[in-house]
Structures are given as structure tokens and as C-alpha cells.
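Visitor: Here are the chains, one letter per residue:
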Amino acid sequence: MKKTSDDKSNLSLQQQGEMLLALSDDITRIRDKNDLITLFKKRIKGIFYFTHTIVTLIDYKDETYTPFLLDNDGSPIRNHTRYKEMVHAHFSLNEPFIQAVLKSEGPISFFLADIMDQPLSPPFLRVNYEKGVREILMTCLMKEGRPMGFVHIYTDKPDSFTPAFRSMIKAMAPQLSSAVSNIIKNEELQNKEGEKSFLLEFSNNIAAVRTKEDLALTVRAALGKLRPRNGFVIRRINEDNATMSPYVYELTNKPDPKILRALENSAYPISDGLQDRVLNSNIPMLFNVDREISRGIRSAYLQYWKTLGFTDIVGIRLRNGETNLGILFLDIDEINIPLLQGVCSQISIAMANIMANDMVTRKQDEQAFLLDFSSDITQARTRQDLQDAIFKVLDRTIHTKLAMLRVIDDDGIHLSPYMYDSSLFANTPEHFEKMVHGEVTVHQPHTAQVLASSDGVMFNIEEELKSGSDYAKLWSSTGLKNVYGLPLRVGDKNIGTIWLLANRLSQLILKGICAQIAVAISNIQANEKLLAYKKQLEVENDYLKEQIKTIYNFSEIIGNGEEMQKVYRLMSLVADSTSTVLVLGETGTGKELIARAIHNASPRKDKLMVKVNCAAMPANLIESELFGHERGAFTGAIERRIGKFELANNSSIFLDEIGELPLEAQAKLLRVIQERELERLGGKQLIKLNVRLIAATNRNLEEEVRAGRFRADLYFRLNVFPILLPPLRDRAADIEPLTQFFVQKYSRNAGRKIKKVTPRLLQQLRSYTWPGNVRELEHLVERSILLATDGILDEVYIPPSTDASRQNAAILLNRSLDEVERDYIIETLKRCAGKISGTGSAAEVLKVPGNTLHSKMKKLGIEKRDYVV
Amino acid sequence: MKIVVIGGSGLIGTKVVARLRQEGHQVIAASPATGINTLTGEGLAEALQNTDIVIDLANSPSFEDKAVMEFFQTSGRNLLAAEINAGVKHHLALSIVGVDIMQNLGYMRAKKAQEDLIVQSGVPYTIIRSTQFFEFLAGIANQATEGNTVHLSDVSFQPIAAEDVAAFVTGFALGTPLNGRVEIAGPERFELFDVVARYLRHTNDPRKVEPNGKPEYFGGGISHTSLVPAGEASLGALNFESWWSRQAQPVA
Ligand SMILES: NC(=O)c1ccc[n+]([C@@H]2O[C@H](COP(=O)([O-])OP(=O)(O)OC[C@H]3O[C@@H](n4cnc5c(N)ncnc54)[C@H](OP(=O)(O)O)[C@@H]3O)[C@@H](O)[C@H]2O)c1
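From first to last, the protein sequence lines are chains A and B. The first sequence lines up with residues 27 to 895 when you count with my numbering. The second sequence lines up with residues 63 to 314 when you count with my numbering.
Any given hint could be a false lead.
Said to hold, decoys possible - Dumping the calculated BS3-like pairs for lysine-lysine here, alpha-carbon to alpha-carbon at most 27 Å:
#: 1; chain 1: B; residue 1: K270; chain 2: A; residue 2: K110
#: 2; chain 1: A; residue 1: K592; chain 2: A; residue 2: K251
#: 3; chain 1: A; residue 1: K633; chain 2: A; residue 2: K561
#: 4; chain 1: A; residue 1: K222; chain 2: A; residue 2: K110
#: 5; chain 1: A; residue 1: K280; chain 2: A; residue 2: K59
#: 6; chain 1: B; residue 1: K270; chain 2: A; residue 2: K332
Said to hold, decoys possible - Incomplete in silico selection of chain A near chain B, CB under 7 Å:
#: 7; residue: L83
#: 8; residue: Y275
#: 9; residue: E276
#: 10; residue: K280
#: 11; residue: M311
#: 12; residue: R317
#: 13; residue: I358
#: 14; residue: N362
#: 15; residue: I363
If you're looking for bench data, these hints aren't it; they were derived computationally from the structure. Note that CB positions come from ideal geometry on N, CA and C, so glycine has one too.
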């Protein structure tokens with residue numbers, strides 16, 4: 027089987043020596059595989075004949091040898107079907123052919139035909155034979171006294187391996203050995219260098235990475251150099267710390283976009299038996315997709331990988347310090363640990379930075395935005411401001427519109443719509459209108475759930491539709507999937523609910539927004555209440571002032587004359603009750619004073635009596651003055667106003683000059699008196715009332731009714747308990763105390779001491795007809811005090827021709843003297859309360875003796891009933 | 063079958079590799095020298111591709127408590143993870159008789175940790191607990207030598223020849239995984255000081271062996287019977303004399 031050739035050498039020893047020397051130079055210059063091949067192909071082939079050469083190396087760990095260097099051009103077996111297999115095969119050292127080579131002292135040749143079919147012979151012998159090769163010359167390469175590999179020289183011509191060839195190869199063997207060692211070392215060094223510069227470059231590129239997009243570009247470029255067959259995937263551990271999702275990837279075989287989207291949007295559980303294994307392994311893990319599937323790993327991505335053609339994959343954890351960030355899956359089956367770990371540590375750092383950066387910017391954005399929102403909201407003075415701020419924040423942060431914001435009413439049961447964006451329901455405006463104004467209470471199922479929840483409730487619209495809820499029907503018109511109901515809470519007090527429609531919402535930011543909205547609404551509500559209270563206080567204050575003034579002016583009603591005694595009796599009869607009182611009397615007779623006295627004597631005296639002068643207000647405003655109005659009830663109604671009736675609730679209202687009330691207002695007043703409740707102008711709410719009504723007028727209401735200026739029905743309602751105030755001319759007895767009272771009051775005011783009012787003056791005052799009644803007297807006294815000297819008041823300025831005297835003059839025109847005299851005496855008697863003689867009597871006023879007056883009365887037929895009212 | 067022997071260049075490893083190759087298996091003798099390092103994971107995944115059986119006969123280069131624990135834990139984790147990935151069907155490891163009752167010794171704690179990782183891994187396994195190797199006697203003598211005297215305990219000792227260990231390892235490795243432990247030991251039981259003295263005599267070592275009467279091993283207190291099998295054990299064929307006669311005689 028062996029053939030030791032002893033052919034004659036064609037070369038002389040000297041020639042051989044020279045040739046060897048030359049070759050030796052070349053061999054020492056060998057740096058890489060190419061150099062070695064060139065040596066064989068160019069130099070040696072020029073001297074000896076052979077077809078091709080290869081070098082194999084021994085792998086001691088499994089006692090095999092495997093091709094290291096192939097002569098690609100010369101080899102005739104390159105088109106053999108088993109060529110590829112040969113290139114990667116490990117051939118056992120434990121068989122006779124190679125053992126013979128190992129034992130041989132020098133190069134040893136074999137006829138392929140002799141050995142190739144031996145049971146354990148390596149297959150490359152037959153493969154070569156099949157391509158025409160006939161003989162092989164094997165030479166052992168040694169390293170440190172141990173075989174390291176072989177030089178295989180093949181020939182298709184017998185007798186090519188001449189003794190000269192053999193001896194030359196033998197002589198070259200040590201140099202060839204060191205050349206191969208050098209090549210190996212060189213390759214290792216180059217690889218190391220390559221790795222180093224690769225890592226350095228990668229590291230430089232990675233250092234410039236700021237965003238995920240940068241990272242993707244850099245990683246794609248770098249990992250591309252490792253030539254993964256089908257690409258790579260970087261997965262990132264999600265915020266839930268329980269799943270992973272694709273972060274950056276590159277797939278050579280572009281999958282179906284649908285599959286790709288599914289992959290991108292998936293969150294794979296970490297603990298699936300594979301991802302957790304990679305994360306727990308401190309070394310890169312090489313695994314096989316099929317084997318993992320058959321091991322029972324159910325994760326969907328394995329199936330996708332399989333369809334994408336992934337077979338063996340290396341998984342390396344990406345970790346920053348002690349924290350796992352994700353995994354790099356790389357479709358290679360050769361693991362260069364230092365390289366991969368170098369790459370992964372760089373990716374990890376970049377990823378950690380990007381993630382930290384992202385988080386910071388996200389937080390900042392969110393904070394900045396919430397801050398903006400917060401300032402917008404705190405600056406909101408009105409609902410409109412608030413609404414603008416809320417619409418904006420919802421649009422910007424969660425890209426949705428406000429479906430509804432309801433606020434719990436004062437009753438704690440009902441929820442009124444406070445704010446909403448009806449454009450959301452543009453498809454079904456009528457349905458929306460209906461639902462908006464439908465009654466909602468805290469017991470309504472959705473509302474109850476939301477109010478009871480801590481952070482709100484998500485309702486799936488499709489689910490809700492099944493229950494047939496009208497709300498669900500409304501919601502579904504938007505085409506969105508879910509409804510989020512959140513409680514608006516200040517502290518732990520529910521103040522309302524907020525409803526948002528969306529497919530998905532970030533709960534976290536929602537919570538912050540809701541908290542702010544709740545505070546803002548409660549502020550605005552408080553503000554509104556405060557304003558209302560303030561208004562009420564102001565109004566009350568005005569009345570208080572007025573009342574104090576009145577009390578000061580009329581701390582008691584002056585005058586105890588008989589006429590007044592009758593009035594007092596009536597007042598004390600009616601004061602206790604809630605009956606409507608109608609005070610009648612000429613102007614200046616003190617109707618308001620009487621009204622106040624009635625109120626002050628009633629059980630309502632602790633509350634302020636509210637006074638309205640019906641004559642003092644423009645007709646178009648009187649209704650709102652009396653009954654109040656809602657915001658926007660009419661042009662100019664900018665704010666809500668509480669009417670005087672509402673203000674007078676549980677107290678008394680005094681309607682002065684009721685005769686001046688326009689007919690329209692009369693109708694409303696009548697309704698209020700009848701129903702004992704009222705509705706603000708433009709309002710929908712009925713307000714229960716408990717008001718005691720006191721009305722006054724100087725008109726003859728019966729006449730007004732007859733003339734059609736006053737409603738009869740209202741008149742009957744008012745005229746339940748009329749009190750007629752006597753004119754001052756009928757209260758001659760009260761002239762003196764009244765005069766004294768005003769003198770006191772105004773002298774104090776004017777800083778003048780008036781010691782005395784002369785009887786002459788009093789006499790004069792009693793003779794006057796007082797068309798302006800008590801008020802006229804008061805003004806007269808006030809004026810006279812300023813003119814008084816010496817502390818004595820003995821003169822007043824009485825106007826010469828008052829309306830009354832002119833009227834009297836007119837009456838006088840067509841009358842006889844007797845008639846005039848008779849009327850005048852009756853008039854005077856009336857004024858003097860029927861007193862004929864004595865102080866304050868008609869005789870005094872008429873300046874005739876009492877007897878004379880008596881006889882005159884008899885003569886003129888004046889009887890008691892003529893002058894007693 | 064493709065078999066990877068971790069520590070294939072060690073005392074037991076070389077013998078096991080030789081026996082398996084003898085039987086015609088494709089064997090990778092893995093060690094840092096052949097580019098396979100269980101501590102760093104280098105070469106591990108490639109070596110394990112398409113492997114059926116892994117035999118772990120590696121040992122820590124350092125016996126210092128922390129280092130040895132680190133070695134067996136990290137190596138164990140890396141190796142078992144790679145085996146799971148590669149779908150290895152049988153993992154065999156060589157542990158020590160009495161390992162769980164000598165947990166006061168750092169080395170024993172590390173071996174126990176190695177065993178625990180195997181049991182928890184889910185890879186089908188066989189753990190062989192062996193007594194000390196005859197080849198280890200010299201080391202025991204050296205660590206107990208003070209001046210010219212070797213101070214040794216009289217605890218029971220039942221050493222086994224590396225050749226026998228290799229035979230057992232080969233046999234169990236090729237069998238079905240036990241998913242449990244077996245114990246192997248030498249055929250003869252001695253007192254520790256006595257067999258060391260015998261060994262020194264055979265090697266013409268001038269040192270004197272003194273029994274110190276203390277039940278201890280490598281300086282740690284143990285019971286008299288900690289180092290010998292408590293129950294059933296497979297016994298090696300070679301006793302002290304037959305082992306000795308197979309050793310290359312030292313040049314006197
Ligand atoms: N000694 C005893 O009495 C005894 C008793 C029972 C059980 N055992 C156990 O038997 C086993 C084998 O013991 P032994 O005496 O045969 O050991 P050994 O001769 O010291 O051999 C240790 C082997 O482990 C290899 N190794 C070291 N570090 C490695 C690494 N990082 N990765 C891969 N391989 C590595 C070594 O490779 P290199 O050659 O390249 O360094 C060597 O092949 C040990 O687990 C030991 O605990 C020993």
C-alpha cells in the first residue's frame with residue numbers, strides 16, 4: 027500500500043541545495059495563506075509536477091484533522107459533489123492511513139487506489155480519485171515536537187513524486203511547519219486586530235448615538251459586518267418588567283408587513299423559557315429554533331423566526347450594570363464571545379442612555395405641559411377659560427375630546443352637565459342633546475361605579491352596548507372603543523365626573539389632569555358661591571343702612587291722636603300674622619314707617635325687611651329686580667341676579683308705590699303671591715318662597731282697577747287688610763308732638779339750640795292743610811331751624827299757594843258763601859279730629875270763640891257725621 | 063455518539079476520553095487549552111452543537127474557598143445553559159462521597175453547589191460520587207507535612223484508582239441517565255494516615271507519618287466515616303497493591 031519511491035533524482039545535489047536556499051527565503055517571507063499557495067503554485071510547480079496541494083491541521087480536542095489551506099485554482103475536485111463536505115469535514119486521526127503518515131519519518135506517498143476503500147479511510151481519497159487524481163504525498167508538519175498538520179500533494183500522473191521532490195519536501199518540512207504556524211498566528215493576530223478596530227469603530231459610532239434611530243443605524247451597520255444570515259433583533263424589556271418588545275431590528279427576508287406589524291407591536295412575556303434563559307446567562311447563548319419549539323417554548327416569535335428562515339440564533343443579554351435592558355438576537359452560529367460581549371456592552375450603554383434620555387424628555391414634556399395646564403387652569407376666571415384649558419390639554423396629551431364633565435349639585439344627588447365638546451357627537455346631535463339634559467344622579471350605574479372607583483373606570487363600548495344602555499349607543503356613534511369615566515375629586519370629596527372617549531388612554535397623565543380640573547372647578551364653584559354671598563351681603567347691607575337710617579328717623583311713630591290710635595290698633599291686629607297688608611295714604615303720611623313697624627312687630631323681625639319702590643324703576647327692569655334672572659336671560663344680563671323676593675325669603679317684602687307696577691309685572695306678582703314660589707327670569711328652577719307682603723300706595727286702587735291700570739285679581743289679593751293712614755291735616759292733635767320731634771332732630775343736626783316753639787307758630791301749623799303731610803312738616807321744620815334766632819322758633823315759611831289751596835280756590839268758584847263756609851268748617855273740624863273748642867280745636871284754627879263756632883255749625887247744619895271719619 | 067468531556071485533559075478526563083474513543087465515539091476533549099472554557103463560555107456553544115452526552119470532569123485551578131465556589135457555580139451555569147440550548151441528553155459529573163456532610167469545607171460546599179445546579183437544570187443527569195483517588199495520596203501527604211513529619215487523621219479512607227473511576231464514568235455516561243446519584247469507591251478501607259504511610263514507603267519517601275488522632279481532612283473537622291460510602295457503592299477493581307504495580311516506578 028505504501029510506495030517509497032526510489033526514482034532517480036533529476037537534480038544534482040548542488041542544484042538541489044541552491045534551489046532549497048532560494049525557496050527557504052521565500053518560505054520565511056510567508057505571512058498568509060496566499061503566500062503559501064503561491065509558493066506551491068508558482069515556485070514548486072515550476073520545478074516538479076503535481077496537480078494540487080492542500081494543508082490540513084490537527085484538532086487535538088477531538089483527534090481529527092481538517093482542511094486549512096486549499097489550492098482553489100489547481101484542485102480538480104472542486105466540482106465534485108462532495109467537495110463542500112470535504113472542505114468542512116473533520117477526519118479522524120484514529121485510522122491506519124493517517125497513522126501511517128504520523129509514524130513515517132518523512133514524506134510518504136500512497137496510490138489512492140490502494141487505500142481509498144479501506145474501511146476507515148478518509149473520504150477525500152476517493153473524492154480525489156474520482157476526479158482523476160492517482161497518487162498522494164503526505165508530509166507531517168510539526169510544532170514543538172508534536173504533529174500539527176499535514177501537507178497533502180496530489181498528482182494525476184504516476185511517478186511524479188521523484189526522490190528529489192521527496193527530499194526537497196522533506197527538507198522544506200520544518201520551514202513549512204513554521205510558515206503554517208506563522209500564518210495561524212498571523213490570522214489570529216489579524217482577527218484580534220480586526221476585532222479591536224471593529225470594536226473601536228463601533229464604540230466611536232455608538233458614542234455619537236443620541237436617539238433610538240441613531241442606534242438603529244449604527245447597530246445595523248456594525249452587526250452587518252458580522253454577517254448574520256437573516257438579520258438581528260434587539261428586544262427591550264418593557265416598563266411592566268414582565269414583557270419584551272422589539273426595539274431595533276433588521277431582517278434580511280422582509281416578512282409580510284402584517285406579520286411585521288404584529289411582531290413590532292407584540293409584548294412577549296420574559297419568562298417564556300427562552301428569553302429568561304438568555305437574560306440569566308452571562309455568556310452568549312446559541313440555540314436552535316426548531317429545538318426550542320420542540321422543547322415546548324410556545325412564544326409566537328419562534329414560529330415567525332422559523333418562517334423567516336432562522337435556524338440557529340445567538341442570544342445575548344443587554345445589561346447596564348446589574349440591570350437587564352433587553353436581548354440581542356443574532357442569526358449566527360459562530361460565537362466570538364469577546365466580540366459579542368464588546369458589542370453588547372456598547373449597545374447596552376447606548377440603550378440605557380437613550381432610555382434615560384427618553385424618560386427625562388418625556389417626563390419634562392409631561393411636566394412642562396402639566397405646568398402650562400396648571401397655570402392655564404389657575405388663571406381661569408370663568409368657565410370659558412377653564413373649558414379652553416381643558417379642551418387644549420385633552421387634545422394635546424391624550425388626543426381626545428371632552429365627552430362630558432358633570433358636577434354634583436348642591437343636593438348631592440343630581441349631576442348637572444358642566445362642560446362638554448358636542449363636536450364629538452356630531453353624528454347624533456339630537457341623541458346627545460337628549461342625553462345631556464337627561465337626569466343623572468349619583469346612583470346612575472356608570473356614574474356610581476366611577477364615583478366609587480379610586481382612579482376611574484374603563485367601559486368597553488361594545489360590552490356596554492350589549493346591556494342596551496342608551497349611553498352606550500351614544501358613545502358608539504363616535505366609533506371609539508372605550509369610555510373612560512373618572513371621578514373629579516377634591517380631597518376625598520367627589521365633586522363630579524369626567525367622561526372621555528378613546529381607544530386607549532394613559533391613566534397616569536389622566537389622573538394628574540383630573541386632579542387639576544377638579545380643583546379648578548371647585549375653585550370656580552366656590553368663587554361663584556362667594557360672589558353670590560357677597561352680593562347678598564351687599565344688598566343686605568344696603569337695607570341695614572337704610573333701616574338704621576329709618577330707625578334713627580322714626581324710632582317711634584309720633585303722634586297719639588285718635589286717628590293714629592285707630593291705625594295702631596289695626597297694626598297690632600295684623601302684625602303677628604302673615605297676611606298681606608295694604609297701606610293706603612296720601613304721600614308723606616309715613617306708609618313705609620308703618621310697614622316697617624308691622625314687620626318689626628312680626629315674628630320675622632330678626633330678618634331684614636326688603637323694600638322695593640315700584641315707581642323708582644324702569645318698567646323693563648322691574649321684573650328682574652323683583653324676581654331675579656339667570657345669566658343671559660336677556661341682553662345685558664351678564665350675571666345671575668337674585669331678585670328681591672328671593673332676598674326677602676323668610677322675611678317681609680315692602681312694595682311701595684304698588685300702584686305704579688306695570689301690568690306685566692302685576693301678573694307675575696300675582697302668580698308669586700298665589701303659588702308662593704317663583705322662577706328666575708330665564709331660569710328653569712322653581713324657588714319656594716315664604717315672604718310676607720306689605721304693599722303701599724297713595725293711589726286709589728279701586729279707581730285704577732276701574733281704569734284698567736291695575737289688575738282686579740291682584741287688587742283683591744292685596745286688599746286683604748287695608749290700613750288707611752290719615753293725612754296730617756286730620757291729625758291736628760299730632761302737629762305739636764311732631765313739630766317738637768323734628769325740632770329736636772334737626773336742631774341737633776344743625777348744632778343750634780332751639781329752646782322754644784311759640785304757640786303762635788303751632789297755631790299757624792295747625793291751620794295749614796299739609797298737602798305733603800308729615801314729610802312736608804319735617805322739611806318745613808328743617809328749613810325753619812336754619813332761619814331761627816335767639817333759640818326761639820316762631821316763624822315758618824308756609825308756601826302761599828300749594829296745589830291743595832289752588833284746588834280749593836277752584837272749588838270756591840261757583841259756590842255761595844254759606845257753602846264755602848260750611849265746607850271750610852267741616853274741613854277744619856276734620857283736621858282737628860272733630861274737636862270744636864279748646865287747644866288744637868277748629869275754633870282755635872278759625873280764630874273764633876268756641877260758642878260762635880257752635881252756633882255757626884247749627885246755622886249751617888253741620889252734624890257730627892259730616893266731620894267724623 | 064458525540065460526547066464532550068469537560069476537563070478532558072485532566073487526570074480522569076484523559077482516561078475517559080481515551081476509553082470513549084476506543085469505543086468509537088466522537089469525543090471532544092474540552093479544556094481551556096483546546097479553546098473551550100466553561101468559566102468564560104468560550105467555545106462552549108460550538109463544541110456542544112449536536113452533542114449527546116456531556117461529562118464534566120473539570121476542576122478548579124484554585125482551591126481557595128471563594129475561587130472554587132465561583133468556578134463550580136459559574137462553570138456549572140454556563141455549561142448547563144449551553145447543554146439546554148444544544149439539547150444534550152445526558153450530563154454526567156464527578157462529585158465526592160460525603161460531600162453533603164462535610165459542608166464545613168469550602169471545596170465541599172462548591173461541589174455541592176455544582177450538584178444542586180445539575181439537579182435543578184432539567185437536563186437528564188447522573189452524578190457519580192467518588193472517594194479520593196489513589197493518585198491524590200501524594201497531595202494529601204504534602205499538605206499535612208511539617209518538617210519531616212506528616213500529621214494525619216485516622217478517619218476511614220477508601221481510595222479508588224483513577225483508571226477505575228474512568229471506567230465507571232465511561233460506563234455510567236453511556237448508560238441511561240439515572241437522574242440521581244451513585245457512589246463509587248476503592249475495594250479496601252484504610253485509616254487515612256495508614257494508607258499514606260504505605261504510599262510513602264512505596265515511594266521511598268523519608269517522611270514519617272504520625273497519626274494525630276483528630277478526625278479531620280484538609281484541616282477541617284469531619285466524622286470518622288465522612289469520606290467513605292455510607293451505603294451501597296460500586297467498588298473499583300484495583301486495590302492499593304494492584305494500583306501501585308501499574309504505576310510507573312519512580313526513579314529512586
Ligand atoms: N481528586 C479527588 O480525589 C477527587 C475525588 C472525587 C471527585 N473528584 C472530582 O473529579 C473531577 C476531576 O478531577 P481531576 O483530578 O481529574 O482534575 P484535574 O486533573 O485537575 O483536571 C482538571 C481539568 O479541568 C480543566 N479545566 C480547568 N479549568 C477549566 C475551565 N475553565 N474550563 C474547562 N476546563 C477546565 C483542566 O484543563 P487544563 O488541563 O487545560 O487546565 C483539566 O482538564 C473534579 O471535578 C473533582 O472535583 C476528585
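Visitor: Now look at each hint and say whether the structure bears it out.
Guide: Hints, one by one, checked against the model:
Pair hint K270 (chain B) plus K110 (chain A) does not hold up; C-alpha atoms about 65 Å apart against a cutoff of 27 Å. For the suggested pair K592 (chain A) and K251 (chain A), the alpha carbons sit about 120 Å apart, so the restraint of at most 27 Å is broken. The straight-line distance between the Cα atoms of K633 (chain A) and K561 (chain A) is roughly 17 Å, inside the 27 Å bound, and the hint therefore holds. Taken as a hint, the K222 (chain A) and K110 (chain A) pair is broken in the structure, with Cα atoms around 31 Å apart against an allowance of 27 Å.
In summary, the hint linking K280 (chain A) to K59 (chain A) is not supported, as the alpha carbons are separated by about 38 Å, beyond the 27 Å threshold. Taking the CA atoms of K270 (chain B) and K332 (chain A), the gap is about 69 Å. The hint is violated against a cut of 27 Å. Because the beta carbon of L83 (chain A) sits about 13 Å from the nearest beta carbon in chain B, more than 7 Å, this interface hint is broken. Because the beta carbon of Y275 (chain A) sits about 21 Å from the nearest beta carbon in chain B, more than 7 Å, this interface hint is broken.
The closest approach between the C-beta of E276 (chain A) and any C-beta of chain B is roughly 22 Å, which is over the 7 Å cut-off, so the hint fails. The closest approach between the C-beta of K280 (chain A) and any C-beta of chain B is roughly 28 Å, which is over the 7 Å cut-off, so the hint fails. Taking 7 Å as the C-beta contact cut-off toward chain B, the hint placing M311 (chain A) at the interface holds, the least distance being around 5 Å. Annotation: R317 (chain A) was flagged as interfacial toward chain B, and the flag holds, the nearest CB pair being 5 Å apart, inside 7 Å.
The closest approach between the C-beta of I358 (chain A) and any C-beta of chain B is roughly 11 Å, which is over the 7 Å cut-off, so the hint fails. With a least beta-carbon distance of about 9 Å to chain B, the hint placing N362 (chain A) at the interface is violated under the 7 Å criterion. Given the 7 Å rule on beta carbons, the hint for I363 (chain A) holds: about 5 Å separates it from the nearest Cβ of chain B.
Hint violations for this structure: numbers 1, 2, 4, 5, 6, 7, 8, 9, 10, 13, 14, all remaining hints satisfied.
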